[in-house]
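J.: Residue-level listing of the chains:
2 protein chains.
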Amino acid sequence: MRLAPRPTPSKFVLAVLVPTATWFIIRPLVEPPPPLPALHASLGFSLLAFLWTLYLVPALGQTFVKAGLKGRDLLKVYNDDIPESMGLICASIYILLLILFIPFPFSHFMSLSTSEGLAKQEFPHFQLSVYLSSILSILMATLLGFLDDVFDIRWRHKVPIPIIASIPLLMVYYAESGNTNVVVPLPVRFLFGTLINLGPLYYVYMALLSTFATNSINIIAGINGSEVSQALIIAMSVVLNDLLYLPWSTSYRFRLPLYLLGGEADIDVGGVWSAGMAHGSRQLVERHLLSLYFMLPLVGVCLGFLYHNWYPARAFPGDTLCYVTGMAFAVVGIQAHFSKTLLLFFIPQIFNFVLSCPQLFGLVPCPRHRVPRFDANTNLLHPSKAMFERPPSRLSTVVLRLFAAFGLTELTTHPKSGTILEVTNLTILNFFLLRIGPMSEKRLTQTLIATQISGSLLAFIVRYGLAWLVYDGDRR
Amino acid sequence: MRLAPRPTPSKFVLAVLVPTATWFIIRPLVEPPPPLPALHASLGFSLLAFLWTLYLVPALGQTFVKAGLKGRDLLKVYNDDIPESMGLICASIYILLLILFIPFPFSHFMSLSTSEGLAKQEFPHFQLSVYLSSILSILMATLLGFLDDVFDIRWRHKVPIPIIASIPLLMVYYAESGNTNVVVPLPVRFLFGTLINLGPLYYVYMALLSTFATNSINIIAGINGSEVSQALIIAMSVVLNDLLYLPWSTSYRFRLPLYLLGGEADIDVGGVWSAGMAHGSRQLVERHLLSLYFMLPLVGVCLGFLYHNWYPARAFPGDTLCYVTGMAFAVVGIQAHFSKTLLLFFIPQIFNFVLSCPQLFGLVPCPRHRVPRFDANTNLLHPSKAMFERPPSRLSTVVLRLFAAFGLTELTTHPKSGTILEVTNLTILNFFLLRIGPMSEKRLTQTLIATQISGSLLAFIVRYGLAWLVYDGDRR
Numbered sequence: 008m009r010l011a012p013r014p015t016p017s018k019f020v021l022a023v024l025v026p027t028a029t030w031f032i033i034r035p036l037v038e039p040p041p042p043l044p045a046l047h048a049s050l051g052f053s054l055l056a057f058l059w060t061l062y063l064v065p066a067l068g069q070t071f072v073k074a075g076l077k078g079r080d081l082l083k084v085y086n087d088d089i090p091e092s093m094g095l096i097c098a099s100i101y102i103l104l105l106i107l108f109i110p111f112p113f114s115h116f117m118s119l120s121t122s123e124g125l126a127k128q129e130f131p132h133f134q135l136s137v138y139l140s141s142i143l144s145i146l147m148a149t150l151l152g153f154l155d156d157v158f159d160i161r162w163r164h165k166v167p168i169p170i171i172a173s174i175p176l177l178m179v180y181y182a183e184s185g186n187t188n189v190v191v192p193l194p195v196r197f198l199f200g201t202l203i204n205l206g207p208l209y210y211v212y213m214a215l216l217s218t219f220a221t222n223s224i225n226i227i228a229g230i231n232g233s234e235v236s237q238a239l240i241i242a243m244s245v246v247l248n249d250l251l252y253l254p255w256s257t258s259y260r261f262r263l264p265l266y267l268l269g270g271e272a273d274i275d276v277g278g279v280w281s282a283g284m285a286h287g288s289r290q291l292v293e294r295h296l297l298s299l300y301f302m303l304p305l306v307g308v309c310l311g312f313l314y315h316n317w318y319p320a321r322a323f324p325g326d327t328l329c330y331v332t333g334m335a336f337a338v339v340g341i342q343a344h345f346s347k348t349l350l351l352f353f354i355p356q357i358f359n360f361v362l363s364c365p366q367l368f369g370l371v372p373c374p375r376h377r378v379p380r381f382d383a384n385t386n387l388l389h390p391s392k393a394m395f396e397r398p399p400s401r402l403s404t405v406v407l408r409l410f411a412a413f414g415l416t417e418l419t420t421h422p423k424s425g426t427i428l429e430v431t432n433l434t435i436l437n438f439f440l441l442r443i444g445p446m447s448e449k450r451l452t453q454t455l456i457a458t459q460i461s462g463s464l465l466a467f468i469v470r471y472g473l474a475w476l477v478y479d480g481d482r483r
Numbered sequence: 008m009r010l011a012p013r014p015t016p017s018k019f020v021l022a023v024l025v026p027t028a029t030w031f032i033i034r035p036l037v038e039p040p041p042p043l044p045a046l047h048a049s050l051g052f053s054l055l056a057f058l059w060t061l062y063l064v065p066a067l068g069q070t071f072v073k074a075g076l077k078g079r080d081l082l083k084v085y086n087d088d089i090p091e092s093m094g095l096i097c098a099s100i101y102i103l104l105l106i107l108f109i110p111f112p113f114s115h116f117m118s119l120s121t122s123e124g125l126a127k128q129e130f131p132h133f134q135l136s137v138y139l140s141s142i143l144s145i146l147m148a149t150l151l152g153f154l155d156d157v158f159d160i161r162w163r164h165k166v167p168i169p170i171i172a173s174i175p176l177l178m179v180y181y182a183e184s185g186n187t188n189v190v191v192p193l194p195v196r197f198l199f200g201t202l203i204n205l206g207p208l209y210y211v212y213m214a215l216l217s218t219f220a221t222n223s224i225n226i227i228a229g230i231n232g233s234e235v236s237q238a239l240i241i242a243m244s245v246v247l248n249d250l251l252y253l254p255w256s257t258s259y260r261f262r263l264p265l266y267l268l269g270g271e272a273d274i275d276v277g278g279v280w281s282a283g284m285a286h287g288s289r290q291l292v293e294r295h296l297l298s299l300y301f302m303l304p305l306v307g308v309c310l311g312f313l314y315h316n317w318y319p320a321r322a323f324p325g326d327t328l329c330y331v332t333g334m335a336f337a338v339v340g341i342q343a344h345f346s347k348t349l350l351l352f353f354i355p356q357i358f359n360f361v362l363s364c365p366q367l368f369g370l371v372p373c374p375r376h377r378v379p380r381f382d383a384n385t386n387l388l389h390p391s392k393a394m395f396e397r398p399p400s401r402l403s404t405v406v407l408r409l410f411a412a413f414g415l416t417e418l419t420t421h422p423k424s425g426t427i428l429e430v431t432n433l434t435i436l437n438f439f440l441l442r443i444g445p446m447s448e449k450r451l452t453q454t455l456i457a458t459q460i461s462g463s464l465l466a467f468i469v470r471y472g473l474a475w476l477v478y479d480g481d482r483r
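Protein chains in written order, with this note's numbering: chain A, 8 to 483; chain B, 8 to 483.
One thing to keep in mind: the hints can contain errors.
Every beta carbon over 12 Å from chain A, so not counted as near; a handful from chain B, in silico [claimed, not checked]:
| hint | residue |
| --- | --- |
| 1 | V25 |
| 2 | D88 |
| 3 | V157 |
| 4 | I226 |
| 5 | G229 |
Once the Cα atoms are required to be at most 30 Å apart in a straight line, the calculated DSS-like pairs of lysine-lysine come out as [to be verified]:
| hint | chain 1 | residue 1 | chain 2 | residue 2 |
| --- | --- | --- | --- | --- |
| 6 | A | K77 | B | K77 |
| 7 | B | K165 | A | K77 |
| 8 | B | K165 | A | K73 |
| 9 | A | K423 | A | K165 |
| 10 | A | K392 | A | K73 |
| 11 | B | K449 | A | K73 |
| 12 | B | K77 | B | K449 |
Hints are computed from structural coordinates only; laboratory data are not their basis.
Think of the CB as a built atom: it goes at the ideal place given N, C-alpha and C, for glycine as much as any other residue.
Generate the whole structure from the sequences, applying the supplied hints.
T.: Following this line, the structure appears as structure tokens:
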């Protein structure tokens with residue numbers, strides 16, 4: 008082995024972070040309880056998720072290599088075996104912590120504690136079922152993702168796999184008589200009314216959401232850090248969105264030790280936030296808390312894994328990571344009822360999907376790998392190309408010329424007849440290389456991350472700035 | 008390949024069984040609903056579990072072999088690759104059907120239907136959480152079992168794995184403030200009182216139960232059909248025990264078309280059963296129904312797999328099967344509160360465990376495989392032996408001489424000094440060969456099955472014939 012595992016941080020980091028995580032976890036048990044006790048514990052668990060992933064990934068790498076779960080990095084000059092399917096470790100840590108977290112939001116002890124603004128008197132049976140069915144779906148996605156890695160299932164066969172993993176979600180949704188109404192956008196309300204009951208179609212929508220969330224991340228792969236950084240930024244965007252709905256202002260005070268600086272004893276932060284976007288709706292707050300319980304540890308796990316998956320990668324995620332993160336996003340979108348907002352955080356993925364359609368649906372030849380081409384001399388990536396064995400059909404030609412006109416692809420045509428001979432592969436990564444020019448792999452990942460962040464900013468603008476154009480305040 | 012997959016039954020069987028299963032599943036939706044609608048559906052799903060396993064195991068065998076999940080049959084003359092870890096298929100079918108079954112016992116539609124004697128008015132949130140956490144534990148056991156197969160985890164490391172899989176069970180049990188009291192047996196009641204609250208110890212007991220149920224089956228392995236036949240008979244014993252508690256007599260009528268034979272229109276079966284062992288306790292009936300929902304499809308899956316695992320085996324279960332079945336038994340024992348009765352069905356496993364102790368705890372050398380020795384000339388199995396590299400300690404000698412005196416093992420001693428040189432491996436399989444004499448592998452499996460059945464008969468005698476000696480009617 009020439010490529011040693013990336014070194015883990017010094018013991019000093021552990022000595023600071025482990026007690027911090029422990030304090031967050033036991034804080035809800037100390038009197039007086041904080042306003043949102045389970046959220047404190049969730050933060051502690053998320054920190055643990057980060058640390059466990061950070062230390063376990065390098066520790067178990069060689070075990071994976073020995074079991075045959077290994078791969079070569081195609082965009083490097085070296086041939087080292089790199090452990091593959093390490094998303095399994097992320098998934099295991101994530102799920103184990105989600106399970107260990109159960110008693111915090113769901114136990115008689117906790118539910119009887121008076122959390123200001125959220126005093127629960129009855130045991131939250133309904134939420135517990137929802138929570139358990141969500142973990143069940145995520146665990147199924149893990150198992151199926153790992154089977155995909157072991158059995159190397161063909162692309163066409165694996166697209167519908169997330170639908171199977173979403174069955175627990177759908178079944179419990181049905182058993183609990185979940186809401187299947189959608190609010191109709193203003194412009195078409197004269198046709199359908201304000202609310203429309205989709206009935207069974209709603210279940211189809213939920214199943215497709217999980218498929219989309221999984222595969223749309225999985226399809227932007229091939230360069231170090233691409234999958235996990237997409238997941239990380241989407242998860243952080245969801246967290247940010249959830250935070251808007253928490254009852255910050257009701258009586259939450261940030262105690263800053265300002266008196267040390269000669270100022271006042273404490274300062275009331277958040278008072279200007281009004282009651283958050285939830286406007287006092289306990290149901291909305293609970294939904295977004297549920298979403299946070301799933302997203303915070305996911306952020307922890309993704310951060311820890313990104314450290315080892317960062318260029319030059321010491322560990323590969325495998326399909327497992329995409330299945331788990333994709334299912335986690337689908338779960339919160341469905342259970343916390345903000346699937347449309349969620350989809351807004353997938354703008355780069357939607358762009359990539361639309362761009363890929365000609366290759367996915369057979370209009371353009373689709374090679375097994377569409378990753379950019381690596382030039383070992385310059386260490387730069389160039390757009391990779393797909394070659395037409397036979398002249399393209401008229402439909403293909405029209406679509407490709409249209410794509411080329413918008414700068415989405417570059418065509419190589421026959422100098423005399425003008426027939427398309429080659430086309431750059433239709434992925435967002437090749438699109439970046441085409442528009443910005445050849446760049447290093449690390450730079451390409453950074454570009455992807457920047458795009459994902461810009462996409463999320465746009466999403467917030469659309470969601471909170473423009474949504475009034477198509478929706479009124481009726482947001483069920 | 009010399010060894011072709013065992014042929015699946017003719018299409019005629021399918022043509023009869025598939026409509027039968029479908030009818031059982033849709034019967035609860037037809038008016039008037041049967042007395043226990045979900046049980047009808049469970050029977051239908053169990054039949055499907057049997058059929059799916061029967062057809063999918065041979066269909067996917069080569070996929071497993073190609074992925075490296077294969078093994079040699081050590082007790083045969085041939086060297087063919089046999090697909091290994093096929094318990095994964097059983098587990099997947101089992102869990103998928105358990106999930107698809109959710110709406111039958113747990114949905115507003117079903118819970119509002121008046122089932123005679125069991126009219127439910129409120130939505131059974133509590134039972135749904137219990138059911139989901141059980142599936143979660145079984146699914147974790149599946150994933151961990153499969154990881155064990157892929158990574159080939161060492162024996163000492165894998166013993167505590169079922170404890171991890173039982174965490175969802177324990178967490179939800181805690182969240183729901185599950186009962187941690189045990190009824191004290193009459194002879195020691197003067198010391199502890201009638202009820203004793205074990206508190207945290209009860210959780211330790213539950214975790215150990217799952218470890219025992221898993222490993223005690225896994226340890227009796229190595230001959231074709233041994234693991235799955237143990238699981239099958241234990242599952243059928245639990246089913247039989249559950250049936251005793253159903254409200255057969257309240258108004259359940261078997262409509263037999265006796266008028267076709269000139270008899271009466273229908274006959275009242277079960278009227279003589281009185282109200283079952285539940286004596287009208289709705290809680291007891293619900294617990295045993297829950298147990299049936301888990302055990303009936305397990306019987307289906309085990310039967311289907313036994314067909315392909317029967318001598319000479321075309322498919323091996325791997326550790327996955329033992330993890331799944333063991334966890335399923337622990338789940339019903341814990342959730343339906345009959346763990347002591349459950350342990351009575353493990354009499355052969357307990358015997359094997361006690362017998363194995365000197366080897367498990369290092370008093371006697373323990374070779375990697377303790378399977379009987381195969382004589383290729385006679386096709387018979389003989390007891391295998393462990394050899395002492397150094398003279399045994401005094402404790403080992405005493406224990407082994409005691410075991411030998413009871414006919415549990417056979418010692419080879421030094422003709423002069425009397426030092427023990429060799430000892431037959433301390434397993435129930437070698438014990439059979441020692442007491443009954445060398446026999447074929449098939450005969451040995453049959454002997455194991457006969458012993459398991461006798462053990463269950465003894466269990467019923469102890470549970471319903473002798474339990475009054477140590478317990479009164481107070482059976483919480």
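J.: Using Cβ atoms and 12 Å as the threshold, tell me whether B/V157 really stays out of contact range of chain A.
T.: violated, 6 Å
J.: Between the alpha carbons of B/K165 and A/K73, is the straight-line distance 30 Å or under?
T.: Judged against 30 Å, a Cα distance of about 18 Å means the pair holds.
J.: Taking the shortest Cβ-to-Cβ distance between B/G229 and chain A, state whether it exceeds 12 Å.
T.: Fine: 23 Å to the nearest Cβ keeps B/G229 off the interface.
J.: Just checking, B/V25 versus chain A, shortest CB gap more than 12 Å?
T.: Non-interface label stands for B/V25: nearest chain A Cβ at 21 Å, farther than 12 Å.
J.: Going straight from one Cα to the other, do A/K423 and A/K165 come out at no more than 30 Å?
T.: violated, 42 Å
J.: Regarding the pair A/K392 and A/K73, is the alpha-carbon distance no greater than 30 Å?
T.: Between A/K392 and A/K73 the Cα gap is close to 35 Å, so the pair fails against 30 Å, i.e. violated.
J.: Under the criterion that the straight-line Cα-Cα distance not exceed 30 Å, is the pair B/K77, B/K449 satisfied?
T.: holds, 22 Å
J.: Within a Cα-Cα threshold of 30 Å, do B/K165 and A/K77 meet the stated pairing?
T.: holds, 23 Å
J.: Is B/K449 within 30 Å of A/K73, Cα to Cα?
T.: violated, 36 Å
J.: Next pair to validate is A/K77 with B/K77; report whether the Cα-Cα distance is within 30 Å.
T.: holds, 20 Å
J.: Taking 12 Å as the cut and beta carbons as the points, is B/I226 off the interface with chain A?
T.: holds, 24 Å
J.: Against chain A, does B/D88 hold up as non-interface, every C-beta pair farther apart than 12 Å?
T.: holds, 16 Å
The structure shown violates the earlier hints numbered 3, 9, 10 and 11.
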